[in-house]
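Residue numbers (this note's numbering), protein chains in the order written: chain R, 910 to 1039; chain U, 123 to 222; chain X, 5 to 123.
Warning: the hint list may mix true and false statements.
Stated by the list, open to error - Subject to a maximum C-alpha distance of 25 Å in a straight line, what follows is the list of computed DMTMM-like cross-link-like pairs (lysine to aspartate or glutamate): (1) K911/R / D118/X; (2) K979/R / E933/R; (3) K979/R / E210/U; (4) K979/R / D997/R; (5) K64/X / D94/X; (6) K911/R / D982/R; (7) K911/R / E1016/R; (8) K911/R / E37/X; (9) K911/R / E210/U; (10) K64/X / D47/X; (11) K979/R / D204/U; (12) K911/R / D204/U; (13) K911/R / D1031/R; (14) K911/R / E216/U; (15) K911/R / E933/R; (16) K64/X / E79/X; (17) K979/R / E965/R; (18) K64/X / D28/X; (19) K979/R / D1031/R; (20) K911/R / E1025/R; (21) K911/R / E978/R; (22) K64/X / E1000/R; (23) K911/R / E965/R.
Since the hints were made in silico from the structure, they are not lab data.
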Amino acid sequence: MKFAIALFAPPHSPAARRALRFAEASLQAGHQIVRLFFYQDGVHSASANVVCPQDELDVAAAWTRFIQEKQLDGVVCIAAGLRRGVLDAAEASRYGRPAANLAAGWELSGLGQLHEAAQQADRLVCFGGN
Amino acid sequence: MATLHVLSHSPFGDGRFASCLRLLGEGDALLLCGDAVYALQPASTPYASLERLGASTPVYALAEDHAARGGGAPGAGVTLVDYAAFVELCCRYERVNSWL
Amino acid sequence: MARSMLIISRQAPWSGPAAREALDIALAGGAFELPLGLLFLDDGVFQLAGAQVPAAIEQKDVTANLQALPMFGVEALYACARSLAERGLDPTALSLPVELLGDDELRALINRYDQVITI
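Work out the full structure: start from the sequences and follow the hints.
Next up, the structure:
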């Protein structure tokens, strides 16, 4: 089965870890992830500037490792990202900001990518909340 | 044409729990995760609401969230699931409605 | 055939960007001519209230974006009758023409769509 997975909650929320474990389990069961889409506060998981205490699970880093290792399509909503300070080099330059913080492996793009993923997938599964 | 409804907020905090229960249709199921597993607290108001759903509405709860909160054996009719079963539920139902 | 999506918007308009971001999902899908529905539920029905003055709290008018929905091809607009009644909102004085649905109709509505996002 083809899954589109969308995350709406920040990396410090339990929902971000739950979405990650769900994504891992779906691949282990032999399913396909057509895209991971990060919206609302979910965009913070794609920030390379999250610094987690050493004795805590770094969910943002785990997400980045996951999409790199599995070569998944990790898309951050550009409008939601800009609003929350998650920028790639092009956007940082466009808006005159001092730094880009989008972690390697992620892409900023529009909400059309969420719809495209929902069209391609058998199931859209969204994560948020506590 | 059944839906898996997923709740992850505490049933005591806002209107999600009540609204979700009202919108459960024929053949739908409920998956509790995160703070929503507090709905399994015995003798609580939300648990009484779950009991009133009856056997036609399966209730699942993410086992790790239940364990983390010190939940013991869940009440009758509640099935604890791991992530593999969560994935399987998403395949079994035609759509997944997460109450974000 | 394109897969349909129901967006259930249940956040009040001025509680943060959630209401606008739910609306943006609908507008983006409408731009791609996808079969979409938008349901206002719980506090989401406050988005439909008339006489709002968002400028008083330095916010953009979300009502203008709501009016754009039909232009973007999002014409399946619904509101939960119970949510309106609970909040004392007059269904005849809403800023957008929506179809009012009771609980039974809401259950049927959700099952008519391939996918659902509840924000």
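Consistency of the hints with the structure:
1. K911/R / D118/X: 14 Å, holds
2. K979/R / E933/R: 10 Å, holds
3. K979/R / E210/U: 21 Å, holds
4. K979/R / D997/R: With Cα atoms ~22 Å apart, K979/R and D997/R stay inside 25 Å; holds.
5. K64/X / D94/X: The given pair, whose Cα atoms are some 24 Å apart, holds under the 25 Å limit.
6. K911/R / D982/R: With a Cα-Cα distance of about 13 Å, the restraint between K911/R and D982/R holds, given a limit of 25 Å.
7. K911/R / E1016/R: With a Cα-Cα distance of about 20 Å, the restraint between K911/R and E1016/R holds, given a limit of 25 Å.
8. K911/R / E37/X: 22 Å, holds
9. K911/R / E210/U: 12 Å, holds
10. K64/X / D47/X: 19 Å, holds
11. K979/R / D204/U: 22 Å, holds
12. K911/R / D204/U: The hint holds at about 20 Å.
13. K911/R / D1031/R: Roughly 5 Å separates the two Cα atoms, so the pair holds.
14. K911/R / E216/U: Judged against 25 Å, a Cα distance of about 13 Å means the pair holds.
15. K911/R / E933/R: 14 Å, holds
16. K64/X / E79/X: 23 Å, holds
17. K979/R / E965/R: Holds, because 23 Å separates the two Cα atoms, which is no more than 25 Å.
18. K64/X / D28/X: Holds, because 14 Å separates the two Cα atoms, which is no more than 25 Å.
19. K979/R / D1031/R: 20 Å, holds
20. K911/R / E1025/R: 13 Å, holds
21. K911/R / E978/R: 19 Å, holds
22. K64/X / E1000/R: Holds, at roughly 23 Å.
23. K911/R / E965/R: 32 Å, violated
Of the numbered hints stated above, the single one contradicted by the structure is hint 23.
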